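Trainee: Below, each chain spelled out in residue letters.
Number of protein chains: 2
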Amino acid sequence: MIDNKTYDLIIIGGGPAGITAGIYGARQRLNTLVITKSFGGQVARKAVAIENYPGFEKISGMELIKRFEKHLRRVIARSDGHKIDIERDEVVKLKKLKQGFLVLTKSRQKFQAKAVIIASGADPKPLEVPGEKKFIGRGVSYCVQCDGPLFSNKTVAVLGSGNAGFETAISLSKLVKKIYILEYASEVIADKENQERVKKINKVEIIANAVLKQIKGNQFVNSIIYQDRKTKKNITLYVEGVFVEIGSIPATNFIRDLVGLNKKGEIKINSKTCMTKTAGIFAAGDVSEIKDKQIIIAAGQGAKAALSAYEYLEKFQN
Amino acid sequence: MIDNKTYDLIIIGGGPAGITAGIYGARQRLNTLVITKSFGGQVARKAVAIENYPGFEKISGMELIKRFEKHLRRVIARSDGHKIDIERDEVVKLKKLKQGFLVLTKSRQKFQAKAVIIASGADPKPLEVPGEKKFIGRGVSYCVQCDGPLFSNKTVAVLGSGNAGFETAISLSKLVKKIYILEYASEVIADKENQERVKKINKVEIIANAVLKQIKGNQFVNSIIYQDRKTKKNITLYVEGVFVEIGSIPATNFIRDLVGLNKKGEIKINSKTCMTKTAGIFAAGDVSEIKDKQIIIAAGQGAKAALSAYEYLEKFQN
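Residue numbers (numbering that gives the first Met the number 0), protein chains in the order written: chain Z, 0 to 317; chain V, 0 to 317.
It is possible that some hints are incorrect.
No copy labels: a pair is met if it fits in one copy or bridges any two.
Distance condition first, Cα-Cα at most 25 angstroms in a straight line; then the derived SDA-like pairs of lysine to any residue [claimed, not checked]:
#1 K69 <-> R196
#2 K133 <-> I248
#3 K92 <-> Q194
#4 K191 <-> R28
#5 K95 <-> T5
#6 K191 <-> G279
#7 K229 <-> N30
#8 K94 <-> V128
#9 K267 <-> L96
#10 K314 <-> D190
#11 K82 <-> S59
#12 K191 <-> D79
#13 K199 <-> H81
#14 K82 <-> I188
#15 K57 <-> E68
#16 K153 <-> L126
#17 K69 <-> A48
#18 K267 <-> K290
#19 K82 <-> F55
#20 K290 <-> G279
#21 K82 <-> I49
#22 K191 <-> E68
#23 K191 <-> G216
#24 K271 <-> K292
#25 K95 <-> L260
#26 K133 <-> K199
#27 K231 <-> R255
#28 K36 <-> V128
Don't read these hints as lab results, they were simulated from the structure.
As the structure is a prediction and not an experimental result, all values here were calculated from the model.
Full structure from sequences and hints, please.
Mentor: Encoded structure:
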């Protein structure tokens, strides 16, 4: 083990929870490493402006994350004499050592730490229907923020009627000709404010009780087939874009038995300390079992996890 | 009961937890009332700039709270058709009714709600030594932000060596001649960053193992007497100001048996939902039993409490 790759605390992830944990770790003068592919997590993919992070009445996800990242970098710049780093890399494995933990990355780097905070967030959940994989990047999208502009003046479908689905529709509404929102359940899930907003858009049609069966096309998507759960009839909609917003999957591939997962695949934590079942491993943000997936809640949890890790390390050293 | 004084949700308190709960309640289109004496809670009393609320690298407590309040007022302004109000008043009693709750205020107003979020924060803890009450406003202060400028070029004592005490000393250091920080324990409590800052100030002297015995003076404070816990000797320090920063007391006077309190007097909550032992009453922020008293954590809890209250009300109405 090369010595300069050893830290007090490694934080895996660069969304609101990971960045906040980084700010708190650095301020506590822990030798801290933040490992993340990119900054932002799901916030960077947000379809519409954020209006519920207190202090910013209205701000885009990208802009908020830029401010978070700048904040973290400033804290790092000010922590003279302490080793606080950021690595742009992807964690592929987290192992327990006799003392502390080992983190392996995609680019074959190895890092060691006495404590770890997992804040790796969540990835979009796939539909798992025929045609989905085939048409990724050719009509099927998991990120309106990234792909929206490709669908100018076209007819598209949004799968999922939660806030993410509704916000995707709102974001698309300025661009596209027509939007179908398909929902498996009998009622939409989005909150009142998003429902009111979508009501004002003429080009949105909501279809409840819809089970997506297939995505069809030649080179690009040209239609989808869904079944109406009540009539059992299969119905074809001619769309050129399919936006998948049916939820997300906690990003826990790199970790196995060291943490317990709930039914949703979220890391189980002590909700007071954010500690997992393995002493020294903490989890925060959307990868953990928090009921409400909100930026302000994830950030609060990141702070909590870092302060708990600090307490743990104080004991560890004595 | 006058009908226009009935709400879905009443939020008691206007600090980070209360304001965030207000933003979330209003966005969920709940008829919401926020009752608070003033906005800011402990944040408005913060001695030094805040550098750990993600998104703002450095901001004064007053400025951050102004932004929070503005954010809440903007959400209220946009919630057409829904009754969302702010009352500048002090809650003196919270009672359970057959259906919902009754809130009584100092100015003898009565409000009713189906759910209540207590986010009343905490008040400074008094020293409870002879002379303290007598000299309040005449040398004894609980708010450097409010009273600091009165002590220009004087010698002062700060009671308490936690972050609040150290930050009070940092704030005073530009103004006063000399600062004593007195701590009962054998070691200081403030975090590393604050310790480093105070080390750089020449005029600060830290006295550990100190038990304050008395505050003396004529018209104004002129000295304090403390006992050294090791030598048992009483020692006099000539100071003209005494800043009390020995912690805070959760503000729960208006509520009795409806909630359970822990040993610190904090309201016990289900840490996943912020619900207290009484269904329909939630608590968030420093009045509740959260381990780390941080703005970002309190705000996250405010969001969580409001979303839990929303869920509770959905069930309540069905």
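Trainee: Hint by hint, note whether the structure agrees.
Mentor: The hints, checked one at a time:
For a Cα distance limit of 25 angstroms, the shortest separation of K69 from R196 across copies, 22 angstroms, qualifies, whereas the shortest one inside one copy, 32 angstroms, does not. Proximity of K133 to I248 under the C-alpha cut-off of 25 angstroms is restricted to the intra-copy arrangement: shortest distance 21 angstroms within a copy versus 61 angstroms between copies. For the homomeric pair K92 and Q194, neither the shortest alpha-carbon distance inside one copy (41 angstroms) nor that between copies (37 angstroms) is at most 25 angstroms. In this assembly of identical chains, K191 and R28 lie within 25 angstroms of each other by CA distance solely across copies; the values are 6 angstroms between and 43 angstroms within a copy.
Taking the closest pair of Cα atoms, K95 and T5 come within 25 angstroms of each other only inside a single copy of the chain (14 angstroms); across copies the shortest separation is 56 angstroms, beyond that limit. Taking the closest pair of Cα atoms, K191 and G279 come within 25 angstroms of each other only across two copies (21 angstroms); inside a single copy the shortest separation is 40 angstroms, beyond that limit. For the identical chains of this complex, K229 and N30 are neighbours neither inside a copy (58 angstroms) nor across copies (36 angstroms), given an alpha-carbon limit of 25 angstroms. Proximity of K94 to V128 under the C-alpha cut-off of 25 angstroms is found in neither arrangement, the shortest distances being 35 angstroms within a copy and 54 angstroms between copies.
Proximity of K267 to L96 under the C-alpha cut-off of 25 angstroms is restricted to the intra-copy arrangement: shortest distance 21 angstroms within a copy versus 37 angstroms between copies. For the homomeric pair K314 and D190, the shortest alpha-carbon distance between copies (15 angstroms) is at most 25 angstroms, but the shortest distance inside one copy (44 angstroms) is not. With identical chains, the CA atoms of K82 and S59 are never at most 25 angstroms apart, being 32 angstroms at best within one copy and 28 angstroms at best between copies. Taking the shortest alpha-carbon separations for K191 and D79, only the inter-copy value of 13 angstroms comes in at or below 25 angstroms, while the best intra-copy value is 48 angstroms.
Taking the shortest alpha-carbon separations for K199 and H81, only the inter-copy value of 17 angstroms comes in at or below 25 angstroms, while the best intra-copy value is 53 angstroms. When the C-alpha separation of K82 and I188 is checked against a cutoff of 25 angstroms, the pair qualifies only between copies, where the shortest distance is 23 angstroms, while the shortest distance within a copy is 45 angstroms. With identical chains, the CA atoms of K57 and E68 are at most 25 angstroms apart both within one copy (18 angstroms) and between copies (14 angstroms). Only within a single protomer do K153 and L126 lie at most 25 angstroms apart by alpha-carbon distance; the minimum there is 22 angstroms, versus 70 angstroms between protomers.
With identical chains, the CA atoms of K69 and A48 are at most 25 angstroms apart both within one copy (19 angstroms) and between copies (17 angstroms). With identical chains, the CA atoms of K267 and K290 are at most 25 angstroms apart both within one copy (12 angstroms) and between copies (19 angstroms). Proximity of K82 and F55 under a CA criterion of 25 angstroms is satisfied inter-copy only: 23 angstroms between copies versus 31 angstroms inside one chain copy. In the homo-oligomer, the alpha carbons of K290 and G279 lie at most 25 angstroms apart both inside one protomer (23 angstroms) and across protomers (18 angstroms), since each shortest distance falls under that limit.
For a Cα distance limit of 25 angstroms, the shortest separation of K82 from I49 across copies, 23 angstroms, qualifies, whereas the shortest one inside one copy, 33 angstroms, does not. With identical chains, the CA atoms of K191 and E68 are at most 25 angstroms apart between copies only, with a shortest distance of 22 angstroms across copies and 31 angstroms within one. Neither within a single protomer nor between protomers do K191 and G216 lie at most 25 angstroms apart by alpha-carbon distance, with minima of 35 angstroms and 61 angstroms respectively. Taking the shortest alpha-carbon separations for K271 and K292, both the intra-copy value of 17 angstroms and the inter-copy value of 12 angstroms come in at or below 25 angstroms.
Only within a single protomer do K95 and L260 lie at most 25 angstroms apart by alpha-carbon distance; the minimum there is 17 angstroms, versus 39 angstroms between protomers. In the homo-oligomer, the alpha carbons of K133 and K199 never lie at most 25 angstroms apart, since the shortest distance is 34 angstroms inside one protomer and 63 angstroms across protomers. Taking the shortest Cα distances, K231 and R255 never come within 25 angstroms of each other, neither inside one copy (40 angstroms) nor across copies (56 angstroms). Proximity of K36 and V128 under a CA criterion of 25 angstroms is satisfied in neither setting, with 28 angstroms inside one chain copy and 56 angstroms between copies.
In summary, the structure is inconsistent with hints 3, 7, 8, 11, 23, 26, 27, 28 from the numbered list given earlier, while agreeing with the others.
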